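Student: Given only the sequences and the hints, what does the whole structure look like? Please build it.
Protein chains: 2
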Amino acid sequence: MKNTYFTPGPAELYPTFSQHLQTAMDEQIGSISHRSQRFRDIYKFADEQLRTLLSIPSTHGIFFTGSASEVWERVLLNCVEHESFHLVNGSFSQKFYDYANALHKHAHVLEKPFGEGFDAADVEIPAYAELVCLTHNETSSGVQMRTSEMHKLKRKYPKKLFCIDTVSSAPYPDLDFSLIDSAFFSVQKAFGMPAGLGVWIASQNCLVKAERLEKNESLTIGAHHTLPTLWKHYKTFETPATPNVLYIYILGKIAEDFNRIGIDTMRKQTEEKARMLYKFLETSDTLSPFVSQERHRSQTVIVATTGTPDKPKASADVIAAAKSINMIVGSGYGKFKDSQIRIANFPAVSIEQVASLIDELKK
Amino acid sequence: MKNTYFTPGPAELYPTFSQHLQTAMDEQIGSISHRSQRFRDIYKFADEQLRTLLSIPSTHGIFFTGSASEVWERVLLNCVEHESFHLVNGSFSQKFYDYANALHKHAHVLEKPFGEGFDAADVEIPAYAELVCLTHNETSSGVQMRTSEMHKLKRKYPKKLFCIDTVSSAPYPDLDFSLIDSAFFSVQKAFGMPAGLGVWIASQNCLVKAERLEKNESLTIGAHHTLPTLWKHYKTFETPATPNVLYIYILGKIAEDFNRIGIDTMRKQTEEKARMLYKFLETSDTLSPFVSQERHRSQTVIVATTGTPDKPKASADVIAAAKSINMIVGSGYGKFKDSQIRIANFPAVSIEQVASLIDELKK
Numbered sequence: 001m002k003n004t005y006f007t008p009g010p011a012e013l014y015p016t017f018s019q020h021l022q023t024a025m026d027e028q029i030g031s032i033s034h035r036s037q038r039f040r041d042i043y044k045f046a047d048e049q050l051r052t053l054l055s056i057p058s059t060h061g062i063f064f065t066g067s068a069s070e071v072w073e074r075v076l077l078n079c080v081e082h083e084s085f086h087l088v089n090g091s092f093s094q095k096f097y098d099y100a101n102a103l104h105k106h107a108h109v110l111e112k113p114f115g116e117g118f119d120a121a122d123v124e125i126p127a128y129a130e131l132v133c134l135t136h137n138e139t140s141s142g143v144q145m146r147t148s149e150m151h152k153l154k155r156k157y158p159k160k161l162f163c164i165d166t167v168s169s170a171p172y173p174d175l176d177f178s179l180i181d182s183a184f185f186s187v188q189k190a191f192g193m194p195a196g197l198g199v200w201i202a203s204q205n206c207l208v209k210a211e212r213l214e215k216n217e218s219l220t221i222g223a224h225h226t227l228p229t230l231w232k233h234y235k236t237f238e239t240p241a242t243p244n245v246l247y248i249y250i251l252g253k254i255a256e257d258f259n260r261i262g263i264d265t266m267r268k269q270t271e272e273k274a275r276m277l278y279k280f281l282e283t284s285d286t287l288s289p290f291v292s293q294e295r296h297r298s299q300t301v302i303v304a305t306t307g308t309p310d311k312p313k314a315s316a317d318v319i320a321a322a323k324s325i326n327m328i329v330g331s332g333y334g335k336f337k338d339s340q341i342r343i344a345n346f347p348a349v350s351i352e353q354v355a356s357l358i359d360e361l362k363k
Numbered sequence: 001m002k003n004t005y006f007t008p009g010p011a012e013l014y015p016t017f018s019q020h021l022q023t024a025m026d027e028q029i030g031s032i033s034h035r036s037q038r039f040r041d042i043y044k045f046a047d048e049q050l051r052t053l054l055s056i057p058s059t060h061g062i063f064f065t066g067s068a069s070e071v072w073e074r075v076l077l078n079c080v081e082h083e084s085f086h087l088v089n090g091s092f093s094q095k096f097y098d099y100a101n102a103l104h105k106h107a108h109v110l111e112k113p114f115g116e117g118f119d120a121a122d123v124e125i126p127a128y129a130e131l132v133c134l135t136h137n138e139t140s141s142g143v144q145m146r147t148s149e150m151h152k153l154k155r156k157y158p159k160k161l162f163c164i165d166t167v168s169s170a171p172y173p174d175l176d177f178s179l180i181d182s183a184f185f186s187v188q189k190a191f192g193m194p195a196g197l198g199v200w201i202a203s204q205n206c207l208v209k210a211e212r213l214e215k216n217e218s219l220t221i222g223a224h225h226t227l228p229t230l231w232k233h234y235k236t237f238e239t240p241a242t243p244n245v246l247y248i249y250i251l252g253k254i255a256e257d258f259n260r261i262g263i264d265t266m267r268k269q270t271e272e273k274a275r276m277l278y279k280f281l282e283t284s285d286t287l288s289p290f291v292s293q294e295r296h297r298s299q300t301v302i303v304a305t306t307g308t309p310d311k312p313k314a315s316a317d318v319i320a321a322a323k324s325i326n327m328i329v330g331s332g333y334g335k336f337k338d339s340q341i342r343i344a345n346f347p348a349v350s351i352e353q354v355a356s357l358i359d360e361l362k363k
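If you read the sequences in order, they're chains A and B. FYI, in full-length UniProt numbering the residues of the first sequence are 1 to 363. FYI, in full-length UniProt numbering the residues of the second sequence are 1 to 363.
Just so you know, these hints were derived from the structure itself, not from any lab. This one's a predicted model, so the numbers in the text were calculated from it and none came from an experiment. Among the hints, a few may not be true.
Said to hold, decoys possible - Computed beta-carbon distance windows for the label pairs:
(1) B:40 - A:48: 36 to 46 angstroms
(2) A:295 - B:263: 58 to 68 angstroms
(3) B:2 - A:238: 19 to 29 angstroms
(4) A:215 - B:119: 36 to 46 angstroms
(5) A:212 - B:211: 29 to 39 angstroms
(6) A:238 - B:363: 28 to 38 angstroms
(7) A:317 - B:159: 50 to 60 angstroms
(8) B:335 - A:272: 52 to 62 angstroms
Claimed, not checked - 20 angstroms max Cα-Cα, derived EDC-like pairs, lysine to aspartate or glutamate:
(9) B:335 - A:238
(10) B:337 - A:238
(11) B:2 - A:26
We put the CB at the ideal spot given by N, CA and C, even for glycine.
Tutor: So this is what it looks like as structure tokens:
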């Protein structure tokens, strides 16, 4: 019997994935040239579907990388001359910040403890920070930053470039791209695909910055997947290097499936499933929501503490219980591996599957 | 009817690809965690199979990236403090050199015209060059550099790190990794897979260099996929970021298929098919081998000039003739698009298919 993966990525494949894969195999998409009209049509289609799904305006380009982690590096190289600013409250926002340091950027940071979230009112951005790096959904702790807070912050600092990590939440966050300059995600989370493709959305403002930095001989914007090169090829729906053609094809098809359902409906379904999960956790004797502030609770990666202060329970027991009905939930991240579980609430799992998981965990 | 792709990559999928893909789907490889034992087993298996196939000693690690183009950047960032040296005789060796310049390395170059090849005797390497960047198979022009010449050159300059681009030839080149410090390829060429995975082989000497450069505050070795991070995770068969798990699984399986045939047999089959193609070109009235020196003729990407000086023939006509029997050959690269064709001779196409192509082109 097949498992249902409630893991926060790689995750359950979207139900239509295998049929799109079969079509791609039948049409030999794995062999076509990335310099052919057939590929340009595939890129254009994925671009159109993502643009509709996420309301991306024509001021922004959509680019493909090997992973979202690669984008951390690319956006820092291409959009930061000296200083970046990071909100850090978990392992992945920390890694974005670590990348800035590894690239010898002057990286400013505002930190909060694991499990806590940010609101616009908490944040003062240093005067010379060029790029503001925010994480919509901290996959390690299950904390989200609401998009309304991100927009508020950008309105307060309109001259700074804002880049949002939406790796484990897109297409859920309703970002306003008239305010947000860049965002990125990977396909093995809410898009229900295997890992191996990153998607980078970036504005003309980012491009202008990258073009200026490229002329600066005292730094490098990198050589591979630089924004000017990506954008130049993007004009004809090509890529500088051979991309993951097969996954770009499938991503376009899954985005089309999402658009058929409609992004509003998809977001409501996500919220409904999250509501069910959090309601269960709040009434459970053995599990409790890790994130205390309701407004900071992720809608896509739900983190629960296993056991109670009096009666701690190993996460392995909870994971094993779910496994007995072929449902795979994730363990806690890092040092919380044994005391937390993480339940991904992506579009690939239905309300009925979430209900079954809750029933099992209730036992 | 399905096409047979003789294109130099993306190319024909290896005959066993679809069955490995099916097994992977049945086993839900697309959903498993990259921090699970199942993934570590997959990485270990691919590592073992590639190690056997390419005779890679334990001094070298095997790492996965998004593409081979990414490795151009990674090896330059991680192994060059100031100076690199490049042999350039076509568009892809040129790109390796361009990457070095984009990274503000002091890049030395020895150039030859498109269609000409290098021997060890041609080459004098500048005293301060740290990394010698060679291209085994120049995909754009169909020129190869023989591995014996590479080994000769390394013996002459034993203290320099040697890195070989084997993108469109691996596993054909019999590199001696007791001499060669690094090599890389992508899977959409001779391994007969869709694009989306790069493989980087690098020695402990490369690692030592990268670790030294990492401590140097006046430069950066990058943030993503740095050699020290890749190696650290490699020790337990993990990766720093979520990799293309599905393709790593399939690559291991295809490498195992190759090992069942045996690398010697596979190399002989490649040479036999190349011999057939070159023999045909030499006796054809309308096609001729583009590379004049036999020892520089690629065994894996055969480039032919279409027509004769008196009677030039558009490559499109030749491509259309092959297409009429569902065989897809590549056009010439760049400015040779209309006057050359490129025929990939990868393991995915059989001797019988090569014979059929030749029969059709003879008409």
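Student: Could you run down the list of hints and mark each one as holding or not?
Tutor: Results for each hint:
1. B:40 - A:48: 36 to 46 angstroms: 39 angstroms Cβ-Cβ, so the 36 to 46 angstroms window holds.
2. A:295 - B:263: 58 to 68 angstroms: With a Cβ separation near 59 angstroms, residue 295 (chain A) and residue 263 (chain B) satisfy 58 to 68 angstroms, so the hint holds.
3. B:2 - A:238: 19 to 29 angstroms: holds, 25 angstroms
4. A:215 - B:119: 36 to 46 angstroms: Cβ of residue 215 (chain A) to Cβ of residue 119 (chain B): about 39 angstroms, so the range 36 to 46 angstroms holds.
5. A:212 - B:211: 29 to 39 angstroms: holds, 33 angstroms
6. A:238 - B:363: 28 to 38 angstroms: holds, 34 angstroms
7. A:317 - B:159: 50 to 60 angstroms: Given about 57 angstroms between the Cβ atoms, the range holds.
8. B:335 - A:272: 52 to 62 angstroms: Holds, at about 58 angstroms.
9. B:335 - A:238: It holds: about 18 angstroms lies between the C-alpha atoms, which stays within 20 angstroms.
10. B:337 - A:238: Roughly 17 angstroms separates the two Cα atoms, so the pair holds.
11. B:2 - A:26: Measuring from Cα to Cα gives roughly 8 angstroms; hence the hint holds.
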